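J.: Protein chains in written order, with numbering that gives the first Met the number 0: chain A, 0 to 276; chain B, 0 to 465.
Derived by calculation from the structure, the hints in this document are not laboratory data.
All values reported here derive from a predicted model rather than from experimental measurement.
C-beta atoms are modelled at their ideal positions from N, C-alpha and C, and glycine is treated no differently.
Treat each hint with caution, since some may be false.
To be verified - With a straight-line cut-off of 20 Å between C-alpha atoms, the simulated SDA-like cross-links for lysine to any residue are:
no.	chain 1	residue 1	chain 2	residue 2
1	A	Lys26	B	Gly223
2	A	Lys25	B	Leu322
3	A	Lys231	B	Phe238
4	B	Lys263	A	Lys26
5	B	Lys263	A	Phe249
6	A	Lys26	B	Thr400
7	A	Lys26	B	Leu322
8	B	Lys97	B	Leu322
9	B	Lys263	A	Lys25
10	A	Lys25	B	Ile219
As the list claims (entries may be wrong) - Where chain A lies over chain B, by a calculated footprint (3+ residues, C-beta under 8 Å):
no.	stretch
11	201-215
12	234-245
13	251-261
As a plain string of letters, each chain reads:
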Amino acid sequence: MYPILEKRELSPSVKLFVVQAPAIAKKCQPGQFIILRMDEAGERIPLTIADFNRQKGTITLIFQEVGCSTRHLGRLGAGDSILDVAGPLGQATHIEKFGTVVCIGGGIGVAPVYPIARAYHEAGNKVISIIGARNAELLIMEDEMRQVSESLHITTDDGSKGRKGLVIDPLKELIAAGEDIRLVMAIGPVIMMKSVAEVTRPHSIKTLVSLNPIMVDGTGMCGGCRVSVANKNKFACVDGPEFDGHEVDFVGLMARQRMYHEAERIEREAGSCSCHH
Amino acid sequence: MPSLRHKMPEQSAEKRRSNFSEVALGYTADTAQAEASRCLQCKTSPCRQGCPVEVNIPAFIKHIKDGQMDAAIQEIKHKNNLPAVCGRVCPQENQCEKHCVLAKRGQSVAIGRLERFAADHGQTHDNGAHPALKESLGKVAVIGAGPAGLTAAGDLAGLGYQVTVYEALHAPGGVLIYGIPEFRLPKDIVRKEIDSLKQKGVTIEVNAIAGKTFTIDELISEQGFDAVFIGTGAGLPHFMDIPGENLNGVYSANEFLTRVNLMKAYQFPATATPVHVGKNVAVVGAGNVAMDAARTSLRLGAENVYIVYRRSEDEIPARSEELEHAKEEGIQFHLLTAPVKINGNDKNWVTSLECIRMQLGEPDQSGRRRPLPLEGSNFELPVDTVIMAIGQGPNPLVQQTTPGLAVNKHGNITADEAGFTSKEGVFAGGDIVTGAATVILAMGAGKKAAAAIHDYVQGKKARNHG
């Protein structure tokens with residue numbers, strides 16, 4: 000069992016857990032993820048490690064309640080335990096001094112981009128961050144991101160915080176202003192990562208994206224997380240989760256992510272899931 | 000005229016196609032004793048040569064014949080840590096039973112069924128008495144709680160080692176849990192076998208991913224293990240690299256079976272993991288895994304389930320019993336047929352499998368006649384689910400993070416017959432060494448490695464004290 004030591008509500012639908020998991024905390028690096036299963040009937044859910052404390056033996060998980068499983072998970076609190084947490088999984092982010100690095104987080108994607116931005120910052124890079132959300136209420140980790148960034152740009156779809164618009168707007172301006180960007184790291188909804196890659200492609204700015212496809216085991220066994228990168232099949236769990244954004248087949252990825260939409264509807268209508276009531 | 004071998008009572012094909020309960024129901028005590036009486040108790044006991052874990056077959060059969068069921072299971076357990084599993088999924092017809100003197104008449108003693116009978120008797124009549132642990136001879140880590148690892152762990156614990164098994168998934172058992180379906184191997188049976196290993200003193204840590212949560216070197220240098228056995232199996236699914244393989248509705252057999260067996264997707268939405276099974280399902284391949292995926296699809300409500308296999312029935316690698324069961328249940332076979340393309344609709348879902356007819360040419364390296372496409376014979380099989388069951392490769396996580404561990408060009412760990420690898424104190428066996436094979440061969444490898452580890456650790460201790 001993996002005890003939840005602390006719970007915070009970052010927005011009504013976004014929850015943060017600090018979880019006791021010493022073996023994972025000892026090993027994890029920015030860019031890696033874990034798989035948890037909250038109880039006997041639960042799904043195996045992949046979540047990026049948003050932070051870790053090696054001394055305390057804790058990892059921080061941030062997730063958005065989108066379906067039955069995550070809503071169910073969101074009802075747990077400090078003092079409860081998660082049945083299974085396995086990791087760290089996936090390849091760690093390659094960290095070195097590149098120069099100017101732009102870190103982009105959209106929605107819940109700010110959580111995984113934060114430890115990466117911090118590591119780039121600690122490696123001596125000039126980190127410019129752009130974070131965005133649908134509205135002010137859904138914007139997370141602004142303070143944390145500010146601390147590790149030379150400058151921080153905020154966008155919201157409705158203009159309720161920062162500027163009204165998309166995360167690619169400040170990115171376009173940085174490029175237009177002649178900022179010498181050596182690397183862009185973008186994590187968020189697939190459509191956002193796709194649009195970031197389209198903005199940087201004509202300028203040949205190296206762009207990394209972190210993918211979160213449907214996954215079961217997270218160790219390469221199921222092949223469910225396969226994604227086409229440079230027209231070759233890769234498994235996001237062992238080859239990724241980060242890939243060159245200019246080579247990812249985002250359209251295929253978006254289609255695969257909808258694979259269980261019908262099943263999720265059945266689950267909601269059956270009312271069998273314990274988050275239903 | 001010698002008596003015929005006793006039939007295995009089974010659920011009728013009509014009934015079982017819609018449930019996940021075990022197909023084969025097991026012998027009664029009377030039937031088991033009658034079958035055991037058929038054994039000639041020949042002095043040469045050729046059956047034993049065919050058993051990778053060297054069970055004293057005539058001895059346990061004699062105990063059953065005499066009605067001494069406790070003695071029978073004790074005799075088996077002397078060599079086999081997972082008898083209830085082996086009695087169900089071993090390819091007995093190609094092992095012990097093949098060598099039986101009575102096999103010449105096609106009526107070998109039903110050794111596998113008798114093993115299952117004895118093991119099930121043992122599970123339901125466990126008297127709870129277990130030998131006290133001996134003084135520890137040393138500490139051994141086992142990577143992977145599948146057939147190879149569990150066997151090695153059981154043998155080492157029996158010898159007096161402190162054994163910890165590390166398993167990446169949340170439940171031990173490996174392919175016995177995530178792969179083989181409930182109707183062929185009930186999970187309760189596997190759990191009981193594993194419980195009996197725990198009672199022998201084996202510690203099992205789940206959610207522990209070798210190569211990620213810890214490395215092999217750390218186990219030796221920081222955790223103080225005297226030796227490590229790697230039994231991580233073949234867990235990386237192969238795909239065909241044909242167009243359309245990433246469409247929705249295309250699964251690897253691993254993913255499909257894991258969702259159903261390990262995550263209990265057949266109880267969805269009472270359980271949270273869904274699985275998609277359409278009306279028409281094509282399973283590519285014809286091994287035991289393919290039969291499992293096909294029969295599972297049927298039980299999940301598919302109307303037409305096809306096995307698509309590029310060779311002929313003679314080359315089908317699945318056990319004959321599994322093939323017969325599949326046929327009885329109504330699985331349809333497209334033999335000498337190879338997929339060339341998967342077609343989908345505008346929503347990215349599978350609509351059909353485009354296939355080409357094959358004919359058999361000259362024998363290839365495997366000794367089997369090579370399948371060759373018949374140009375222009377393409378046809379479309381309308382399906383909404385495709386399951387790729389064409390084999391698995393080695394999982395790379397351990398190899399990638401263990402410097403000095405030699406691997407071959409396929410990524411399998413290089414190890415000798417006894418399990419010695421290129422790295423001091425590190426042993427390996429089962430599918431991770433040989434490539435995908437059977438449960439019993441993996442168990443045989445685990446057994447040999449346990450003996451080698453014992454020699455190695457005691458040799459090292461003697462040198463250190465000498």
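J.: Determine for every hint whether it applies to the structure shown.
T.: So, going through the hints one by one against the coordinates:
1. A/Lys26 - B/Gly223: Roughly 19 Å between the alpha carbons, so the hint for A/Lys26 and B/Gly223 holds.
2. A/Lys25 - B/Leu322: 48 Å, violated
3. A/Lys231 - B/Phe238: 12 Å, holds
4. B/Lys263 - A/Lys26: It is violated: about 31 Å lies between the C-alpha atoms, which goes past 20 Å.
5. B/Lys263 - A/Phe249: Outside the cut-off at roughly 30 Å; violated.
6. A/Lys26 - B/Thr400: 13 Å, holds
7. A/Lys26 - B/Leu322: 46 Å, violated
8. B/Lys97 - B/Leu322: Holds - the C-alpha atoms of B/Leu322 and B/Lys97 are around 18 Å apart, at most 20 Å.
9. B/Lys263 - A/Lys25: Cα-Cα ~32 Å, so violated.
10. A/Lys25 - B/Ile219: 17 Å, holds
11. 201-215: With 7 residues in contact (Cβ-Cβ under 8 Å with chain A), the coverage given for the stretch 201-215 of chain B holds.
12. 234-245: Answer holds; 7 residues pass the 8 Å Cβ test.
13. 251-261: Since 5 is at least three, the answer is holds.
Comparing the model with each numbered hint stated earlier shows that hints 2, 4, 5, 7 and 9 do not hold.
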